[in-house]
Amino acid sequence: MTGSLKRILLGEQGLVVIFAIAFAVVSLTVPNFLTERNMLGLLQSVVTIGIVACTMMFCLASRDFDLSVGSIVAFSGMVAVMASNATGSIPLGLLIAVGFGTFVGFVNGVVIAKLKINALITTLATMQIVRGLALISSDGRAVGINDASFYQLALSKFLGVPTPIWVMVALFVIFGFVLNRTVFGRNTLAIGGNPEASRLAGVNVDWMRIWIFTLQGLVCAIAGILLASRITSGQPNAATGLELSVISACVLGGVSLAGGRAAITGVIVGVLILGIAENVMNLLNIQAFYQYVVRGLILLLAVLLDNLRSRSLGRR
Amino acid sequence: MTGSLKRILLGEQGLVVIFAIAFAVVSLTVPNFLTERNMLGLLQSVVTIGIVACTMMFCLASRDFDLSVGSIVAFSGMVAVMASNATGSIPLGLLIAVGFGTFVGFVNGVVIAKLKINALITTLATMQIVRGLALISSDGRAVGINDASFYQLALSKFLGVPTPIWVMVALFVIFGFVLNRTVFGRNTLAIGGNPEASRLAGVNVDWMRIWIFTLQGLVCAIAGILLASRITSGQPNAATGLELSVISACVLGGVSLAGGRAAITGVIVGVLILGIAENVMNLLNIQAFYQYVVRGLILLLAVLLDNLRSRSLGRR
Amino acid sequence: MTHFLEFSNITKGYPGVQALSDISFGIGKGRVHGLMGENGAGKSTLIKILSGDTRADTGEIRIEGAAQNFHSTRDAFAARVTVVHQELQLVPGLTVAENLRLGHFPARAGIISFRELVEDVGSKLRDIGIDVDPRTKVAALSIGERQMIEIAKAVMQDARVIALDEPTSSLSSRESEILFKLIDRLREQGKVILYISHRLDEIFRLCDGCTVLRDGRLAAHHATMEGVTRDQIVSEMVGREISDIWGWRGRAIGEVRLKVAGLSGTRLPKPVSFEARSGEILGFFGLVGAGRSELMRLVYGADSRGAGSVSIDGRPVAASDPRQSIRAGLVLCPEDRKFDGIVQGRSVSDNISISARRHFSPFGILDLGKEAALADGFIKSLRIRTPSRKQDIVNLSGGNQQKVILARWLAEENVKVLIVDEPTRGIDVGAKAEIYDLLYSLAEKGLAIVVVSSELPEVMGISDRVAVMCGGSIAATFDRPEFNERAILAAALPDRSAAEPIQKVS
Amino acid sequence: ADVKIGFIVKQPEEPWFQDEWKFAEVAAKEKGFTLVKIGAEDGEKLQSAIDNLGAQGAQGFIVCTPDVKLGPGIVAKAEANGLKVMTVDDRLVDADGKPLEAVPHMGISATKIGEAVGEAIAAEIKKRGWDPKTVGAIRVSYDQLPTAVDRVDGAIAALKAAGFPAENIFDAPQAKTDTEAALNAATVVLNKHADIKNWVAFGLNDEAVLGAVRATESVGIPAANVIGVGIGGAESAINEFKKADATGFVGTVIISPKRHGYETALNMYDWIANDKAPPALTLTAGQLALRDNYEAVRKDLGIE
Ligand SMILES: Nc1ncnc2c1ncn2[C@@H]1O[C@H](COP(=O)(O)OP(=O)(O)OP(=O)(O)O)[C@@H](O)[C@H]1O
Ligand SMILES: Nc1ncnc2c1ncn2[C@@H]1O[C@H](COP(=O)(O)OP(=O)(O)OP(=O)(O)O)[C@@H](O)[C@H]1O
Ligand SMILES: O[C@@H]1[C@@H](O)[C@@H](O)CO[C@H]1O
Ligand SMILES: [Mg+2]
Ligand SMILES: [Mg+2]
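If you read the protein sequences in the order shown, they are chains A, B, C and D. Numbering of the first sequence is given in this note's numbering, commencing with residue 1 and proceeding in unit increments. Numbering of the second sequence is given in this note's numbering, commencing with residue 1001 and proceeding in unit increments. Numbering of the third sequence is given in this note's numbering, commencing with residue 2001 and proceeding in unit increments. Numbering of the fourth sequence is given in this note's numbering, commencing with residue 3001 and proceeding in unit increments.
Everything labelled a hint here was simulated from the structure, so no lab data went into it. Honestly, I wouldn't trust all of these hints.
[As the list claims (entries may be wrong)] In silico BS3-like cross-links for lysine-lysine, where the CA-CA straight-line distance does not exceed 25 Å: (1) K3258(D) - K3299(D); (2) K3031(D) - K3004(D); (3) K3258(D) - K3084(D); (4) K3045(D) - K3098(D); (5) K1116(B) - K2137(C); (6) K3004(D) - K3258(D); (7) K3133(D) - K3160(D); (8) K3045(D) - K1157(B); (9) K3112(D) - K3258(D); (10) K3197(D) - K157(A); (11) K1157(B) - K3084(D); (12) K2390(C) - K1116(B); (13) K3243(D) - K157(A); (14) K2259(C) - K2416(C); (15) K3031(D) - K3299(D); (16) K3197(D) - K3126(D); (17) K2259(C) - K2338(C); (18) K3022(D) - K3276(D).
[To be verified] Computed beta-carbon distance windows for the label pairs: (19) A3246(D) - V169(A): 28 to 38 Å; (20) E1036(B) - K116(A): 52 to 62 Å; (21) G2369(C) - E1196(B): 27 to 37 Å; (22) I1174(B) - T2011(C): 42 to 52 Å; (23) V169(A) - K3197(D): 30 to 40 Å; (24) D3096(D) - L1159(B): 51 to 61 Å; (25) E1196(B) - L115(A): 48 to 58 Å; (26) L297(A) - S2304(C): 22 to 32 Å; (27) G2129(C) - E1196(B): 31 to 41 Å.
Using N, Cα and C, we set each Cβ at its ideal position, and we do this for glycine too.
Whenever a hint applies, use it, and build me the whole structure from the sequences.
And the structure:
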């Protein structure tokens, strides 16, 4: 490898470059991949993961963990539908759903920050409690919506691109900005990098953690609403296992589980890698059971490449 | 509260004491709970979690993470059945299954220690790969065993107690001893406390991590064999979600996810808490959906109690 | 008379330890006040109470007559009290500028103005005399540089009271001098400075008065330093006289034990060679960033070697593995106690026995009795202040943690070469003398001892030979008869005209 | 003595099982016995559930097993606890895959129900006058669930029998059994075959088929060009029929949880209380419900 090529591949943006190369290869070799329709389909398929990853990035960067996202997504979607039905007003229904998701996130945050309970256990608990509530409130059944304009949230388009994709993009931009340019973002990284130092420097660590989980809840509610709109009903079983996909996407994108390290470009790439892997496997008609194996291998490969990159970066 | 009562509750063995009290309360209030039959049933129901928790304790104590346990349990059970069928010899089948589990654990360890890939991602990957292989090798269906003496592994009893329970107890004793009384156990805790300092103090960190994951694989294989014997077949879908239950049990038992802290008594209590919760909910005929909520609340409550305990311990 | 800063009846206890009992004293405006005491005497605890990090059990702090009630470090900051803690408190992933303004970013509507941040921090750093680009990530700085940043963090704020807990423990004399000038300026501005150090010279150089703590009690309070002598303070601290702290004694120097030939690594590109002999104490002096710690880590195999070889008694030691080094009889006490030394969350006993326990563990099974005896022995002989061997090491005072790390290697059998990087960093005078004494007796047993230190008097006081490093290579070596402060310092200073600028990874 | 009967199901979250439980409860009220409802998602949980029932002093239980191969284990466990056992929905088999005739069973054949779906789709194709050669079929698959495989295989068999070309059937493997996963998988199939105008879809249950229908909507295929037929007939399907405009989800094959829940519970009660063994095998049939007749069909089957 020549020096400059090496520099590009192994530089700060190395992950993005590797991803771009992989994308080009896939585009050239997989039939039907690089079509407008497929691209839109692909992006729509990662909307839930992508949206939730925005705040999960903050959560991981501050050395926390959130397993309850899947349940919150499912339940807020149901709340949106049920509240819209009950009040007869979709905006009101959405507001209530967002309020609900935010509230659950807030509870997570308070329990974790104030009662000092391990985030893994807390969110594992709320994951089950919220899922239970979702099942109880609907008797385990899907809830349909009476007003068809609810579906328009997901079906409507702007410049030919469906609204959910725009929402995801907007959140990427917003949270990317927040991470890099605001006090909130920098404090998040500081907490993750050295909680003790941050506390001594006067960062209100408890308050930051509460905010991060609250935001996580809010963003999950948005994802839940869009999902309910896409599947035209609120389903208590939706989004199970979402937490692991989202965390994988973040880690793939270079967010450190040990805290203190995160970048929105990485997270976007991580989300896209997962989405493309699924998409391509289906395009190539890979058998369901083999998909498990391939998914695992891709995960390993992606992190391995990134590790090699950052290791040789450290050696320069 | 009088001083001495406080001392007992909040002391070193506080978790055990709290548990003992809770156990007494449940025994008195829940009909059919404290019968020999129910106790044996309860213990059998926690065999898989209990066995796997032994090595998960080491994994967490050394600041690692293993999500692949459920898949390894499922696949080793299948391997045991398939290999017994193929070779016509049960001992040979079991040996092959143990070898297989150990091998997967070893691969986990090597990838994590030598290629320096994040344990969460590595084991998330192997979790999927192994599950995929299990599905592929059986075409997604359970595999039955021809030789009925295979069931005897689980059905046989010694002093009126089924073999799987004895195996679990033996492993608790062995790994409890290893943790506290051997160089291996102490080094595990040291790595969890400060991996770099341990390395500089001459602990072979890479080698330790490989061993820990290898042992984890071996122990998962044992759990898988007993499970296959209990359910009289090898099932590719068995033990999904096991990882979270096992990790919860460990954390409930005071194993720190930040590494460096673990005790076998805690882990045993953690395992029993989970088992008793399920058992009692079913004895009390609590509805399935409410069980989710109760499970979550118990998790929170147990950790909260323990936190209060160790906090006031620090304040004395 | 009311003082600007006043402690009254401060008491603080931890399980098994009374860290402070009934401490009362005051400091006037525009004065630099020393705080002295043995390891574990309670100095840091007092500072932590002043900074709002910990709360006293009883007692109160008054500033300008007003009682303060700090619940958090933010409260203390609002009352214009800042502190440099004994352990570095920086976030490695953030830049220097971000670290310096963490908790107080210049921002409008929550959006940080990075230009303002960098300019503001840059100009203040230049003002103070620290030559570091504010955009550098802290992870890329050496310990010494980090220490300077930490000091800048406290000093930059417009504080009334500044407390410095062993700020010079990893600074060389050159940086220390920058700090002293800074303190003189702060004094002129009328600030109150509480200064903790185990280096008596500094106390006499800087302080207008001082307070000595012993076992958490007030042992002495001197409103001025007039008529106060070194010996007096030492005896107030340790309760006995120490005549000659270095106590160097000659001994027979034998064969070459450690031979380092052409060693280089990523952060030490130029090959370095040196030797240390049986019975010899070889000092390594240099300025911060001279590469001494890098070199020792390479020798020990803590980092992977580029080229070169290390041998002990003529036998080569395998590259890049501390375990091989330990087995060959080569051990290192690292410089960075917190990250490379102590194992957090584990007991004192566990920290001592971590390496040596393999010798008393047949089939890997520990002999708990031996382990306990070993730990208790060192707690006694090194006078480690801890309620028991079961105490979590993070609860020990800094100096006592350092002793535990030393004990770890003293417990090893068969050590041939002992490398100690800043061995007395954070160690009190009494213990220092004990440690030196220990080093001599180890040398007398035939070990080769390499001591890295940034304290020139220490290097000159205890070494048989001194190697001076500068810019990643050994610039000169001096035998004991040739020791000369100016010559050694001169060798340590880079030749500004010829030297290439130091490259930093950000 | 008091009669206590267990009712163990493999997926308590599924509406189907909620309904089975509900109807079993009706029987319990009528006859005055206690019903213990336990969810058991895998073999291990099932074993514990049986032990638990034994410990509570139950006399028998009805089970829909997470896997039919668990047969010998279930029988042994039941014997060890002295419990009578009968199965519902899915029939137990031995190691060689032969049904355990000794265990009374009430159920539906997964293959049969799949065939009903296939036939319904074929009929609708004919009604709309499509040429099968120009129609694409989405097989929303979840192959790790044996019942799911049998159902879609049944549908495929029926379609082929009706002259549907095998090469026009495309696999859309869902990663999980929810609608979103089916939606994502089906979208890929649609985009891969952008030239095909008319689509049919079938899968494991209503949720799977709904996902495929949502996918057609999201890529802009009009409802008139889509025929999806689900299985189950619970809320998700009913919601679809209640929508003001017809969607591509034209029907669902309803199976009656009433008989499965109520009758099995009653049978078990008779067995315990009156020593009257249940019939060795009862097979119930699914019934196709369409947008305009679903209410009638549901009434017919005793639901609502
Ligand atoms: N969090 C804690 N828990 C228990 N004991 C503690 C804790 N913090 C400090 N101590 C104990 O309090 C005493 C005073 O410690 P402190 O850190 O104030 O000493 P110091 O004078 O700063 O010593 P050094 O010179 O070694 O830094 C020591 O015995 C120490 O072990
Ligand atoms: N993590 C790092 N990344 C990049 N450069 C580093 C890093 N750590 C140290 N350096 C640089 O390597 C050089 C040698 O540092 P080293 O710590 O070995 O010096 P030293 O002589 O021991 O001084 P000190 O008293 O600071 O320990 C310095 O220029 C330092 O800035
Ligand atoms: O799993 C199915 C369930 O979904 C229901 O349709 C009844 O039969 C079972 O086999
Ligand atoms: Mg101190
Ligand atoms: Mg150094």
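For each hint, the structure was consulted:
1. K3258(D) - K3299(D): holds, 11 Å
2. K3031(D) - K3004(D): holds, 11 Å
3. K3258(D) - K3084(D): holds, 22 Å
4. K3045(D) - K3098(D): With Cα atoms ~24 Å apart, K3045(D) and K3098(D) stay inside 25 Å; holds.
5. K1116(B) - K2137(C): Holds, at about 23 Å.
6. K3004(D) - K3258(D): Answer holds: K3004(D) to K3258(D) is near 20 Å, not above 25 Å.
7. K3133(D) - K3160(D): holds, 12 Å
8. K3045(D) - K1157(B): Distance ~21 Å between K3045(D) and K1157(B) Cα, so the pair holds.
9. K3112(D) - K3258(D): This hinted pair holds, its Cα atoms lying about 19 Å apart.
10. K3197(D) - K157(A): holds, 22 Å
11. K1157(B) - K3084(D): holds, 23 Å
12. K2390(C) - K1116(B): Violated. K2390(C) to K1116(B) sits at ~33 Å, over the 25 Å cutoff.
13. K3243(D) - K157(A): Judged against 25 Å, a Cα distance of about 22 Å means the pair holds.
14. K2259(C) - K2416(C): Holds, because 12 Å separates the two Cα atoms, which is no more than 25 Å.
15. K3031(D) - K3299(D): holds, 24 Å
16. K3197(D) - K3126(D): It holds: about 16 Å lies between the C-alpha atoms, which stays within 25 Å.
17. K2259(C) - K2338(C): Violated. K2259(C) to K2338(C) sits at ~29 Å, over the 25 Å cutoff.
18. K3022(D) - K3276(D): holds, 24 Å
19. A3246(D) - V169(A): 28 to 38 Å: Holds: the Cβ-Cβ distance is about 34 Å, inside 28 to 38 Å.
20. E1036(B) - K116(A): 52 to 62 Å: Violated - the Cβ-Cβ distance for E1036(B) and K116(A), about 40 Å, lies outside 52 to 62 Å.
21. G2369(C) - E1196(B): 27 to 37 Å: Cβ of G2369(C) to Cβ of E1196(B): about 30 Å, so the range 27 to 37 Å holds.
22. I1174(B) - T2011(C): 42 to 52 Å: Since I1174(B) and T2011(C) have Cβ atoms about 48 Å apart, the given range 42 to 52 Å holds.
23. V169(A) - K3197(D): 30 to 40 Å: holds, 31 Å
24. D3096(D) - L1159(B): 51 to 61 Å: Check failed, 35 Å falls outside 51 to 61 Å.
25. E1196(B) - L115(A): 48 to 58 Å: Check failed, 32 Å falls outside 48 to 58 Å.
26. L297(A) - S2304(C): 22 to 32 Å: holds, 29 Å
27. G2129(C) - E1196(B): 31 to 41 Å: Cβ of G2129(C) to Cβ of E1196(B): about 32 Å, so the range 31 to 41 Å holds.
Checked against the numbered hints listed earlier, the structure breaks hints 12, 17, 20, 24 and 25; every other hint is satisfied.
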